[in-house]
Amino acid sequence: MDLILQPVLVDTGEEGAGCLVFANGWLVAVLVRLSDTHEDEAGFWFLEKGFGKLDTPDPPLFSDLPTAEQWIKERLMIRRPPRWPGDPG
Amino acid sequence: MVGRFVENLELYGRLSDDDRAAVDALPMTVRRFDAGEDIASEGDAPTQCRLLLSGLAFRHKTLSDGRRQIMTFHVPGEVCDVAGLLLSMDHGVCALTRAEVGFIGHSTMDTLLEKHPRVMRALWRCEMVEAAIAREWMVGMGRRTAYTRIAHLFCEMYARLKAMGLANDNRCRFPVSQTHLSDALGLSVVHTNRVLQQLRADGLLTFKSGELTVHDWPGLKAAGEFDAGYLHLRTPTT
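Chains as they are written, first to last, in my numbering: chain L, 1 to 89; chain D, 90 to 327.
No lab work stands behind these hints: they were computed from the structure. If you're wondering where the values come from, they're calculated on a predicted model, not measured in any experiment. Take every hint as true, because none was put in to throw you off.
List time: in silico DSBU-like cross-link candidates among lysine-lysine, alpha-carbon distance up to 30 angstroms:
1) Lys251(D) <-> Lys150(D)
2) Lys150(D) <-> Lys297(D)
3) Lys297(D) <-> Lys49(L)
4) Lys150(D) <-> Lys53(L)
5) Lys73(L) <-> Lys49(L)
6) Lys150(D) <-> Lys49(L)
7) Lys251(D) <-> Lys297(D)
8) Lys73(L) <-> Lys53(L)
Starting from the given sequences, assemble the full structure and let the hints guide the process.
Encoded structure:
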């Protein structure tokens with residue numbers, strides 16, 4: 001599965017650096033880079049919003065983007081029954 | 090030696106001298122708990138009431154994977170498990186700070202409540218206010234923004250601690266971590282941290298090293314959509 005990361009500014013009241021994550025053309029996540037106000041976690045990437053299988057009440061933090069991509073791929077690999085024709089699964 | 094139990098009951102109902110003396114004379118054994126230690130565990134069938142003498146505590150439910158929801162905080166003078174008089178524990182109570190807890194046998198408490206109906210009514214009212222607090226939190230988690238939710242919780246804790254004489258000069262000790270706040274309000278730690286920065290930038294409060302300083306009470310109340318009516322205190326914080 002190929003992920004495409006598209007840089008974007010996200011209005012979270014912080015520096016704004018973020019990216020949209022697409023999987024096979026579907027928007028699956030918005031990641032945001034944490035600013036210095038987060039002290040020990042500054043520079044980490046936060047799952048600001050996950051869609052579908054990435055929607056979770058406990059959004060994780062990642063030390064870097066490759067780690068985030070790995071987590072996203074693993075979550076997207078979890079199979080579930082298709083809910084409609086063409087469901088990305 | 091029942092700590093602030095009498096003061097707490099008198100927030101919820103008038104007591105006679107006789108009632109006060111009876112509460113004051115309650116026999117109890119005192120145990121100390123470290124921060125993070127469970128005072129009562131889910132599934133317990135208590136035979137004693139646990140009265141918080143000093144420190145703070147919180148009620149919680151913890152899922153099998155360790156994720157936790159905090160349902161309310163307890164201040165000194167409150168019985169942490171009134172429901173335990175009639176029910177087994179369907180949630181846990183955990184010490185937020187080092188805490189001293191007085192254990193009062195259920196039969197002793199039953200006798201007190203039978204002989205002193207004003208004490209029973211005050212304790213009953215206190216328990217009903219806890220249900221009102223739970224309703225308010227539910228509204229917050231279902232319908233309020235993260236900013237409003239956090240402002241509301243700080244208003245609530247400030248009002249409750251002030252009512253117990255534990256807040257002065259717009260300050261109170263409320264030594265929660267950002268993880269506790271997140272677990273109480275259904276937020277991520279990242280969102281909680283952002284909102285705390287925003288509340289400070291807006292000049293409403295400072296929250297540092299477990300101390301809450303309210304800089305603008307009317308502003309904080311407005312931000313939290315806070316109306317102390319649901320606390321039903323006899324001397325409300327306005």
